[in-house]
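J.: Sequence:
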Amino acid sequence: MTPGHFQAVFKKPLKFGSRHFTLLITPTHLPEDSSKSNRLGLAIAKKRVKLAVQRNRIKRIVRESFRLNQHDLPAIDMVVMVKSGIDQLDNKEINKELAKIWRKIIQRHKN
RNA sequence: CGAGUUGACCAGACAAUCGCUGGCUAGUUUACGUAAGUAUUUCUAGCGGGAGGAAAGUCCGGGCUCCAAUGAGCAGGGUGCCAGGUAACGCCUGGGCGGCGCAAGCCGACGACAAGUGCAGCAGAGAGAAGACCGCCGAUGACUUCUUAGGAAGCACAGGUAAGGCUGAAAGGGUGCGGUAAGAGCGCACCGGAUUGCUGGUAACAGUAAUUGCAGGGUAAACUCCACCCGGAGCAAGACCAAAUAGGGUUUCAUGACUAUUUUAAUAGUAUAAGCGUGGCUCGCGUGGAAACCGGGUAGGUUGCUUGAGCCUUAAAGUGAUUUAAGGCCUAGACGAAUGAUUGUUCACGACAAAACCCGGCUUAUCGGUCAACUCAUUAA
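Residue 435, in my numbering, is where the first sequence stops; the numbers in between run on with no holes.
No lab work stands behind these hints, which were simulated from the structure alone. What you are looking at is a predicted structure, and each value in this text was computed from that prediction instead of being measured. Warning: the hint list may mix true and false statements.
[To be verified] Label pairs and their in silico Cβ distance ranges: (1) Gln412 - His433: 28 to 34 Å; (2) His395 - Lys420: 15 to 21 Å; (3) Lys434 - Lys383: 25 to 31 Å; (4) Ala376 - Asp414: 17 to 23 Å; (5) Arg427 - Ala376: 28 to 34 Å; (6) Lys434 - Asp414: 28 to 34 Å; (7) Arg384 - Lys424: 18 to 24 Å.
Beta carbons: idealized from backbone N, C-alpha and C, even for Gly.
Based on the provided sequences and hints, a complete structural model is requested.
T.: Take a look at the structure:
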């Protein structure tokens, strides 16, 4: 996603929260309706996660999880934001929490 | 074998599956083109590459880039034993001096306070060319008593005294002997200091001799003085390409103004903002349209961007930092930002922490391990 896309998401978001994540979501506005149109943006503030090593780790895990689940998700743009304290979690816990969020989104989409 | 010092190195390993990033090769796709082909297009496959010793803090120094430049000075800032190394340094090496350690070794902003100015709480008698609180003395002078008339004893009044005590971080060289009423560098010896000379050393400095009774102590990360160094800003530097919109310039066309001709609608000519309020000055309003090209330039893109004071091996010079020569090697280059995830096996159960223009240092963080040299202790020969 480019900065323009980020602005679009921030303008009219649908919020999903969990203990350590906040997701902002809008339906994609791509003119050509392709199958892989859901896109991911990461906004991990230095204020929330201090060390560069930890920030990179979280980004990787979120990307990985997104990659594995993207085919089940509806056509959306989303920005993943992060709350403080997430650097205390290990990889397994983060994966669990993300899986929960994906399920939530899919449920919402159906309804 | 134990305790330790210094230097160098490593930073879990292996396998399977699924991914990320940019490079090369092959194919594919897109754009332009009649085609050959061109391209910094899309996607796929294969191959090989892909964070650190500190990438960190951003504390110094340099390269590179732009700006300014003829040189010098002032201001401001920095450095501060000596010599060497280096592109340069506040770094490194070697040496000196001082301190710590049994030792290997480690630590030190380590110029100048007998240029000037300033500062020093409490305590204490006294804190800077000092000071008499306790103490010591009271020779000399005063007073009292005695007297053999020379003096003797007392008193602690004048006064002398920096040995001792007390205070303090610090009390105006130290120790000893002489000396004295008691004392005092007052005199002497040794130690220390200062000055001058000589010797060794490139130098810092060290050694030594003579002279000098010896001194106004501390503090310069206090002002200051002395010596040396420093132009400013930074890759968001800078260079190139360049959409939309607005605006600038040039050319052409159209329109409008005036004049002439005539078929009253055209042609030719003139001027290029001439126009209107308003006849003039002044003032105000107005000064338009289309196309092409040009230039500046925003978004955006490309570049800068990794071949470099580079790394490895060997040899030579040097105590060493380092330098020189020969041979070999190419080892991340992203930009919403790449090195991961899962599972299994294994071990000593994995710390601190991730490039962002590039180097040289310093500082700080750090689980543990390997190697080399050296020191101490114990035992044996």
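J.: Give me the numbers of the hints this structure contradicts, sorted from smallest to largest.
T.: Checked against the structure, no hint fails, so every one of them is satisfied.
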